Each structure stands twice: as structure tokens, then as C-alpha cells.
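S.K.: In case you want the letters, here they are:
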Amino acid sequence: MNGFAAGLWESLVSGSKLIWPQIFLTFAATVMLWPADLFVEKARKHVWAPITMVILALTGALIYLTEPGVGFSDMYKVDGLTKGFQALIVLAAFLAVMLSQKLLDALREQTVEYYALILFSLVGMLTLVGATDLMTVYFSIELMAICIYILVAYLRDQNRGVEAGLKYFLLGAFSSGILLYGMSLVFAAVGGVTTNLAELNRLLPVVPQSSSLLVFSGVLMVLVGLCFKVAAVPFHMWSPDAYEGAPTPITAFMATAPKAAAMGAFLRVFGTGFAGVSSDWMLPLSYVAGASMILGNIAAVRQQTMKRLLAYSSIAHAGYMLLGVLGKGVDNAQAVWLYLLTYLVMNTGAFAVVIILQGKGEGERIDDFRGLAKRRPFLAFAMMMFLLSLAGIPPLVGFFGKFYLFKLAVESGLTTLVVIALVTSAISAFYYLGVVNQMYFKEPADLPEGAEPEVLSTGMTLIVGVTCVLTLVGTLAGPWLVNTMFRITWI
Amino acid sequence: MTPLWLIPVLPLLGSAFNGFFGKRAGKGVVSAVAVGTVALSFILSLVAFFAMQGAAGHRLEATYYEWMATGGLSVPFGLVVDPLSGTMMLVITGIGALIHLYSVGYMHEDEGYARFFCYLNLFVFFMLMLVMGSSLPLLFVGWEGVGLCSYLLIGFYFETDYAPAAGLKAFLFNRVGDLGVAIGMMALFGMFGTLTVSGILTQAGHLSPEAGWGLLTFATLMLFVGATGKSAQIPLYLWLPDAMAGPTPVSALIHAATMVTSGIYLICRLAPLFSLTPHTLTVIAWVGGATALFAATIGLVQRDIKKVLAYSTVSQLGYMFLGLGSAGYAAGFFHVFTHAWFKALLFLGAGSVIHAMHHEQDLFRMGGLKSKLPITFVTMLLATIAIMGFPPFSGFFSKDEILYLAYLKNPALWAIGVLGACCTSFYMWRLMALAFWGEPRDHHAFEHAHESPWTMTAPLAVLAVGAVFAGFWGIPKAFGGSFAIEGFLAPALTFGQSHGAHAGHHEGPAWLLAGISTTLGIASGAFGWWMYKDGLAKGEALGAKLPGLHVVLLNKYFVDEAVEAYLLRPVRWFGNLMWKLVDVILIDGIGVNLPGALTRVAGDFTALFQTGRVRNYALTMGLGALLLLYVFLK
Amino acid sequence: MQGYAPILLLLMIAVSLPVLVWTLSRLLRPDFYSKAKYSTYECGITPVTEAREKFNVRYYLIAVMFLVFDVESVFLFPWALQMKELALFGLVEMGIFLFLLLFGYGYIWSKGALTWE
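Residue numbers (my numbering), protein chains in the order written: chain V, 167 to 657; chain H, 16 to 649; chain E, 255 to 371.
FYI, nobody ran anything at the bench for these hints, they're computed from the structure.
Remember, predicted model here, so these are calculated numbers, not experimental data.
Keep in mind that a hint or two might mislead.
[Said to hold, decoys possible] Below, computed lysine-lysine pairings styled on DSS-like, alpha-carbon distance capped at 30 Å: (1) H:595 x V:608; (2) E:365 x V:211; (3) E:308 x E:291; (4) E:338 x V:183; (5) E:365 x E:308; (6) H:322 x H:387; (7) H:571 x H:548; (8) H:560 x H:322; (9) H:595 x H:322; (10) H:553 x H:42; (11) E:365 x V:208; (12) H:548 x H:387; (13) H:38 x V:540; (14) H:553 x H:387; (15) H:560 x H:548.
[Unchecked claim] Taking CB as the label site, the calculated pair distances span: (16) V:643 x H:229: 28 to 36 Å; (17) V:357 x E:280: 29 to 37 Å; (18) V:332 x E:260: 34 to 42 Å; (19) V:359 x E:334: 23 to 31 Å; (20) V:183 x E:275: 57 to 65 Å; (21) V:357 x E:273: 30 to 38 Å; (22) H:585 x V:632: 52 to 60 Å; (23) V:180 x E:337: 17 to 25 Å; (24) V:212 x E:327: 38 to 46 Å; (25) E:299 x V:212: 52 to 60 Å; (26) E:334 x V:643: 54 to 62 Å; (27) V:581 x H:70: 52 to 60 Å.
Backbone N, C-alpha and C define an ideal beta-carbon position, used for all residues, glycine too.
With the sequences and hints as input, model every part of the structure.
M.R.: Below, the structure is given as C-alpha cells:
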């Protein structure tokens, strides 16, 4: 073996240690698709859900065991940020799978592909948060996105879902183009020598004056591409439609896992790669963040369906989280992580309630929540807690995350944006409380004939109960969370 | 060592049990739990009391955890037993247990039996927190809590019109006082940087007497404002007579024996502070003296048996403050102690009468009950003798010590006090004569009158023993006694400091003063008895001779009417204005609905862009990217 | 920037050429319109259906699969040329690649994408 090949071999062997979770996931999902699925009868496809959950749990363990390090010619890195966000993503996927069972059973749409696609998209996300090279960023975003396009359109006989999937796909392709274009401009600006983030950070601030336009437009286009992924205004247009059209568990999944992955990439690309040219992107990103908070919250006010409301709310929350990117510090990244964790808890809870109600065809429209407190007091209470927490009302866990994020943002000098964030949070209470109002102060609409409230399945009760408890008293775990959070670092 | 926390927690558990399971558990279980927890608490209090006497510095303290810790403020959650709180604990749990037992008989027909005991137990819990709290915030929790329970119990008969209104009145008057306590607490925190009682008093010991000017005077005055609210002194006394709308055992426990004395307790607790502020003491003495006389005169003409006792309570509380203001903390507190026995007894006796007369409270419709209710009669007679200050019954010693100290402070205060005592004697004998002597004025009720069950008479008997003998704990020095209670309370009142509790010299014509006041008291009592023993005729004739005074007294000096006209009406008018102008138009309209409407409009506007057409979405995205490029291009 | 000047030049030429050609032909050709000129030209026979026709969806499936394997071969060529240099590393890498494709092949086969009925 000659020296060149030996070097590559060495790199492959040493690098593969870093991506055991991804390798395991790829292998597991592939085997699930073929040949394992051949041996599962059509009526028993639901067994894939628990298997997927086991796989996810094992992945979580692998993530925990992975030692920090750098590999694949500095294209991928495992550090605190990687592991922290990977854990979030796997947790989100786990919850999404739990949420999926009931709905897919009800629709008789259990297939192995559904779960395999979640796992494949996970491979993309896990790689994305560790990507230290624009190339890695790009292909992992694509891997993640393509799987999700399909998942959005998973319910093929529902026009709405197919339409949403197609829209998402087209716009996603468009944004990928912009992203890739931006990357190539950056690549060109530094003289076509590297796409590595650390290298870029070194080279970008010292490019000759004549290339500064290239740098600016390149960075901005990367920003646009990533903003599309986190659904920030004005690159959010796809998200309400996609959220509404996708199967509800996938909506819950999309609102958390890809968002967490994209935020992780955002933090790393802009925090380490483009940190030196922050004067180029700080102001545009501030405007994007501010616009997301304002538009997301305002547009949510008039929504008629719960999923769209939550979609707009997630746009607003993306705006809040961008505060962490704008803060640029490691502690800001930690605050984003904490925020995502709390968001994951309350968002999953809220979607779980929607799914439970959806079982009988209700739950989509906000009107369906009318008088819920009388019919299902526990669900109504839990939903109220989730919504209040999303609004950031103390002492619920949402307040905890928000407080920490905003505090650091103020310390980073983003006062104006924090003021906008606070004002729009107040607006958000308006529509969240609107739903509470429907649940508690309106008489229930007459149920259709024979539509008895069905018994909750254990899994759903568990999710709603656990997330509700976490939302209520999660703040008690504050010191522990903050401690964990401090391990989210980039080396 | 006794687990101190059990003492308040037991009644709390009882309250929780009766609140949650009372309805299903049945009356037997409810009574057992309610009486049992308080009785257990009493036994534990006794144990703690004796343990305290053996402890160093006569003080048991248990700190459980850090309750609040923010910035410079650190408040431990701790309980204290010292002579002061220990005595209060015994009164609260001891008399409390008796009244609980009494209530078993008194309330047995009531619908809200479990609810009643739930509230009553809760009251005991909060009252114990008030006296045992090692810091002012904890004391304040109890302070607020007893106010709440008082509110709940006054409004216990919520289906009537007057009871909830009376409850609300009590609550509001108390809020005014509570504000005073809160402000006083903050002022003390500002001065001393701590809110634990021991911390404040230790630091106060290092202050020079001149420090009494300024902030400390302000703080103590504010605390006294709080005390006037809770202990029904001028000007915040109006709620107590109305509070008689609650069940009679409540009047006995809360509005005679315990809660209303918490103002006195607060001042005794911080006695070294008050000693540093002579001006505050003077204010306290005059307010107390004025209240003592003022309330007693109103009591002369009341028809409702409970109203008489209520005004009597206000008046007796006035005496206590008079004692405190004359730097006689031990004397004031001694009166709290003796008063608890005989006033609780009087209320329970009145309750027994009311019970026997089928909820008839009007004295003018009673009469001749002596033979029908022998036990009630005898016990109430003893209490009456005690309250009028006839030696050697309990009231004599405590009241005489107060009057004596008042004389030393200012002879005018003594004169007021003696005048008040004469009124007290008169209205008490009037009450006794109207209820027990003469011809029955309501024959139907009289025929059906019967002595109460043992659960009611047994507490009467026990309390009567106390009413007679409680005074021997503090035979004043002037009469050859040692005023033992002062020495006993000294560790708590002086907090190991030289100046502090009453340090004045006993000089003055003690025997003469006592002789004058006792003779006058007996004379006016005899007059009252003679006037009413045969019926209403003589009293009406006297009233007709003094029409102006009679009307003024009957209408309680028109204070309620004046408050209504000059305070409440303008406040209501202003409130109405604020509601219509500020609330409806400014806040609801411009402050809330306008932004809401704007948000909705803006929401509709944004919806215009969400067309559902993918090309529009792509256009928005592209334009957005171009806009960013264009705007921020350098 | 200088290095990209030829690309810009090429772009300009690429755009201007069709513009030039179309404009010239527009200017030079004679314009005679008639209805017959607008009809679909199909060997002189009158058209019976629309020109746009739906294809069986399986064609697309086959096309996509073809594309996948086409790309595979695109990868195989350079590897084959550099096989000696890449040695064991190349073999393993290509093995993983082919292995994954093989799984995919097995998957579509088992899904019945290769059967045509």
C-alpha cells in the first residue's frame, strides 16, 4: 500500500470512530428496509415502531459513548456542541416515533419506510451538527431534507399532504441552490483553496478588498439557505403549509429535530466559520430574527387550525433562537440548546394533545378545543400548561429557557431585539390564551352521534403526562440542566 | 426534644382531612379529628412549655430550612418557644381545644359541619405560626392566615346577607392594618438588615435610647397600625362588632381569646424596640385608653347579647394597649391571658344561651333563664365578676396592674380607665340581669329552653376555673405579691437587655387607687343589675331622660354612617370614575383591545401573503434574499 | 476575479447568440400566416388526439433506477483507473458504496418495482 492510500485508510479508520452513531443508524435503517421487512406481515408493520425506538435508544447510547475528536480531514468534529445537539435530535425523533404509532395505526398506514426515513434523516442531522466544513454541511442538509420531503408527503392519498410535500421539495431545492451558490462564492472569495470552517475563519477577514463583495454575498446566501431550514422570515413560507399537510407526528418532528440540527449548523457555521466577518451578517440576521418574531407571532393570531398556529409559533421561536446565534458566544449557544430542550418538551406535549384529539377527526381546528376542559379535564389542563409555557409564563419551563436566552442576548448588546422579543412574546400570549379560552370558557360543541371520547392509549398518556410534568416542574431541574448545558462547547 | 413543627402541623393536617374527606367521613370522625388534633397539639405544647423552662435562656428554637434567600435578605423557617410564645401556645391550643369541644355540641345541626372544623383547625394552625414564627415574615404569614380564617368564619353563614358583608368588612379593615405591618417590617429590614426577631432585638440592644427618633419611631408606629387593625382599636375597630355574624364559638376563639390579641402579642414580641420609642408608647397608651372607654360606652345600650360582648372585647383590648403604652408589657400580656379565660367563657355562655333560645340573640327577648340554665348561669356569673374586676377574681389583678401603670404614666389615663371599668361593670350586669333575672319576655322560647349538652357545659366549667384563678399568676407587688408573670416573661420581653420591659419603680397610692376603682366598679355593676333585674321599664325611663346620649350610643356614635358618607361614598365615586374612564376606555380600550385589534388586522394582512401558491413563496424567498443583499450591501 | 472573466465572456456570447439568430431570422424571413400553419404537423395526417400523452409511471421508476446505476458507473470508472494507487482503501470504499446500492436494489426488487404487468 502506498503512502497516499495508507493516509486515506488511516483517516477512514480513525474517523469512523466519530461517526459510529451514524454508521449504526444507516446500517440499521438499511437492514430494516431490506431484507428485514420481507419477514414482517402486512398487518404487523407496527412492530417497526418499538424496534425504531430501541434503535434510537442505542444511538443515544452511542452518542454518549463517542469520544470528542476531529476526523475526515477536518470535515467532521465531535465536541460538546455536536453531542448536545445530537442528543436533542435523537430525543426528538424518539418522541416523534412514540407519537406516530397511534395515528398510523388509525390510518392503517404503518410501513417500514416511515421509520426508516426518520432514521435516514437522522443520519443527516447528526452529521450536520458536527459538520466543520461547508461540504459536510451541504450534503448532510440534503440528506436530512430529502427524507423529510418524503415524510411530509407520506400520506399519499391526502391531497393536502402531497401538495405540502411538493411545495416543500420545490422551495427546499430552491434554497439548496442558494445555499450551494453562497458556499461556492465563499469558496471563490478565499481563493478557491478551502471550504473548511476553521480555515475560512482565518482567511475570510483578510481577503483582498476586491473580493469583499464575494464574501458578503456568499455569506449572505449561506445565511439565506440556513434561514430556510430553520424557517425564519422571509424564508418561512413553506412551513405553515408543510406543517399543516404533514402527518401530525412528522409536524412535531419537523418543529424540533431538523430545527435543532439547523440551529446547530447555524451556530457552528456562523459562530466559528464566519465569526471573523460578523459585520457582514450581523445586521441582516438581526432583521431576519426580528421579522421572524414579529411576523410569526402576528400571523399566528388569526389561524384557524392548531397545526398552523403551532407552525407560526415555531417561526417566532426560531426568531428567538436566532438571538443566540447573534450573540456569537459559546454561552449563547448553550442558551439555544437549553431553549431547544424546553421547546422540545412543550411542543411535543402540545402536538401529542392534537394527535389524541385528531384520532376522531377533531383537533385540527382550534374550534375543536372548545369546552375541552369539561370533556377531558386532564388533556385541557396539560394543553394549557404547554401553551402557557410556550408563551414563556413563569414558572413553567418555557420561561426558564426564554429567560436564559434573553438574558444572554441583553448581555451581548442585543437590547433592541430583546425588546422586540418581549413585546412579541406578549402578543404570543394573546393567541395561546385564545386557545385556553376556548378550552375553559366555551361550552363544548355537540359531539357527533356516537363519537364517544376514546380511551387514551398508554403511550400517549405517558407522553402527555411526562411532558406536562416536565413543563410544570422542569425548572426544578434547572441547576442540573445548566450544568449539562455548560458542556455544550466547541473546542 | 419535642418536634416543635408538629404543634402547628397537627391542626393543619386536621384541617386538610376535614376539608377533603370531612363530608364523607361523617360527623363523628370530623369531631374526633378536629378536637383530637388540637388536643394533641395542646399536649405537645405543654411538653414544649416545660422543656422551654429548663432550656438555656428560657428559649427553644428550631430552624428547619432557609425559607427565603435573595440578595441581602435571608429568612430562616424556624419556630421559637419562649415564655411569651409558650403562654400563647397554651392559650391557643388549650382554650382552642375547649372551644372545639364546645363546637361539637353547638354546631351539630349545621350543614357545614366539616367545613366549620376545617376552617377552625386551619385557624389554629395559622395562629400557632403567628406566635411561634422566629422571624417577622413567618409571623406575617400567620398574621395573614388568621385574617383569612377570620374572614372565612365570619362569612360562614354565607347564605345570609349580612355574614359575607361582615366578613368582607373584617378582611378589608385588616388589610389596612396588614399594610402597616408590611411597611413596618420593611422599615425594620432597612434599619437592621435582618428580619428574624432575635436578630432585630439583638441589634436593637446596641442602639442608644436617642435612636428612638426617626425611622424606628416610624417603624413601630406602623407596626402599631397593624396591631390596631388586628386587635380592633380606634380607628380600625369597626369590623369586630360586625364579626359577630360568625358562629359563636368563632367569636369566642378568634374574636375574643386569640386572634384579636395578636396585636398585643406583636408589640410584646418586639417590646425592646417599643421601649426605645417613647412617642409610640404614648400614642399606644392614648389610643388604648380611648378605645377602652369609647367601646364600653357603646356596650351600655346594645340589645344583641353578642354585640355587647363584642364591644366589651374591643374595650378590654383597649385596656391591654393602655398597659403596653404605659410600658407595662407584662401587665398588658397578663390581661391577654386572663381575658382569654373569662371572655371566652362569656362568649361560650352567650352561645349556650343562644343555643337554648333557638338562635335568639336579643337580650330584650330573654329573661329569667337562671333556673333553666343553671350551669351556664353560674359560670357566666363568675366570668362577669372576673371582668368587672372584683378581687380576687382574675380580672381584678390584671386590670388593676394596668390602671396602676396608667396612673404612673398620666393620671388622666387612669381616670379614663376607671370610667371605662365602671361602664364595663354596668353593661355586664345589665346583660346578666336581662338574660337571667326577671320575667321571661318570650314565653314560647323560654318554655323550650334547656341546658346544653355536656360537650358545651364542660368547657364552660373548665373556663370558669380559669376565670376565677388565672389572676393568681400575677398578684401585683403592691398587694404583697411578686407579679410572678413579669419575672416569667422577662427573658422574652427584655431579650437579655437592661432596658426593655417595664422598669419603672412602683410608687404611688396603689391601695387607694385599687380601692377607688373597685368600689366604683361594684357600685355601677349593682346599679346596672338593679336597673334591669325586673325588666326593661327602668332602663327605658332612663333612656327617655337622656334622649340625645341614648340615640348617639345606640347608633354607636354614628361612626359607621360617617365612614359611609365621608370615606366610602367618595371612594366609590372615584372608583366608578376610574373604572369607566381609566379601565374601560384607557386600559381595556386603548391598552388591551386596541393592540389586540391591531394584531388581528396585522395577522389578516400577513395571511394575504400566504397564498398557498408555491411560485409566490419562491418569489417571496428570492425577493427577501435580494432585499437583504441590497439593503446591507456596503 | 480575473480568472472568471472568460466565463463571463462565454455567458455573454451564449446569451447574445440566440438573440442574434432569432432577431436576424425574424428580420429576414417572409411572414405569411394561414390556419394550416398552426395545426400540428404529423406527416400530413390530421391529428386525432392531443400531442401530450401520459406515460406509464413505471417508465419514471425505471428511469430513476437507471440514473442511480448510471451514477454508480460514473464512480466506478475513476476508481478503476486509480485502483493501484488507492489500493485497500479504494477497495473498501467502493465495497461500501456497492454494498449500499445492492441493498437498495434488493429493496426495490422486493417492493416489486421491477415487475411489469
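S.K.: Against each hint, give a clear statement of whether it holds in the structure.
M.R.: Hint check:
For the proposed pair residue 595 (chain H) and residue 608 (chain V), the alpha carbon gap of about 27 Å is at most 30 Å, so the pair holds. Restraint check for residue 365 (chain E) and residue 211 (chain V): satisfied, since their Cα atoms lie roughly 15 Å apart, inside the 30 Å limit. For the hint pairing residue 308 (chain E) with residue 291 (chain E), the CA-to-CA distance comes to about 26 Å; that is within 30 Å, so the pair holds. Proposed proximity of residue 338 (chain E) and residue 183 (chain V) is supported: the alpha carbons are some 27 Å apart, at most 30 Å.
Simply put, residue 365 (chain E) and residue 308 (chain E) have alpha-carbon atoms about 24 Å apart, close enough for the 30 Å limit, and the pair holds. Annotation: proposed proximity of residue 322 (chain H) to residue 387 (chain H) holds, straight-line Cα distance about 23 Å (limit 30 Å). For the hint linking residue 571 (chain H) to residue 548 (chain H), the alpha-carbon distance of about 24 Å falls within 30 Å, and the restraint holds. Pair hint residue 560 (chain H) plus residue 322 (chain H) holds up; C-alpha atoms about 24 Å apart against a cutoff of 30 Å.
Of the pairs offered as hints, the one joining residue 595 (chain H) and residue 322 (chain H) is violated, with about 39 Å between alpha carbons and a cut-off of 30 Å exceeded. Between residue 553 (chain H) and residue 42 (chain H) the CA atoms are separated by roughly 47 Å; this puts the pair beyond 30 Å, and the hint is violated. With a CA separation close to 12 Å, the supplied pair residue 365 (chain E) and residue 208 (chain V) stays within the 30 Å bound. With a C-alpha separation of about 16 Å, the suggested pairing of residue 548 (chain H) with residue 387 (chain H) holds against the 30 Å cut-off.
Proximity of residue 38 (chain H) to residue 540 (chain V) is assessed by CA-CA distance (about 24 Å); at most 30 Å being required, the pair is judged to hold. Of the pairs offered as hints, the one joining residue 553 (chain H) and residue 387 (chain H) holds, with about 25 Å between alpha carbons and a cut-off of 30 Å not exceeded. Restraint check: the Cα-Cα separation between residue 560 (chain H) and residue 548 (chain H) comes to about 20 Å, which is no more than 30 Å; the hinted pair holds. Range check, residue 643 (chain V) to residue 229 (chain H): Cβ separation about 48 Å, and the 28 to 36 Å hint is violated.
Residue 357 (chain V) and residue 280 (chain E) have their C-beta atoms about 45 Å apart, which leaves the hinted 29 to 37 Å range violated. For the pair residue 332 (chain V) and residue 260 (chain E), the supplied restraint of 34 to 42 Å holds, since their beta-carbon distance comes to about 39 Å. The supplied range of 23 to 31 Å is met by residue 359 (chain V) and residue 334 (chain E), whose beta-carbon atoms lie about 29 Å from each other. Taken as a hint, the range 57 to 65 Å holds for the pair residue 183 (chain V) and residue 275 (chain E), whose Cβ atoms sit roughly 59 Å apart.
Take residue 357 (chain V) and residue 273 (chain E): their Cβ atoms lie about 35 Å apart, and the range 30 to 38 Å holds. Between residue 585 (chain H) and residue 632 (chain V) the CB atoms are about 56 Å apart, so this pair conforms to the stated range of 52 to 60 Å. Checked against the hint of 17 to 25 Å, the C-beta distance between residue 180 (chain V) and residue 337 (chain E) comes to roughly 23 Å, which is consistent with it. About 39 Å separates the C-beta atoms of residue 212 (chain V) and residue 327 (chain E), a value consistent with the hinted range of 38 to 46 Å.
At roughly 57 Å, the beta carbons of residue 299 (chain E) and residue 212 (chain V) sit within the given window of 52 to 60 Å. A hinted range of 54 to 62 Å holds for the C-beta pair residue 334 (chain E) and residue 643 (chain V), which are about 57 Å apart. At about 57 Å, the beta-carbon gap between residue 581 (chain V) and residue 70 (chain H) stays in the expected band of 52 to 60 Å.
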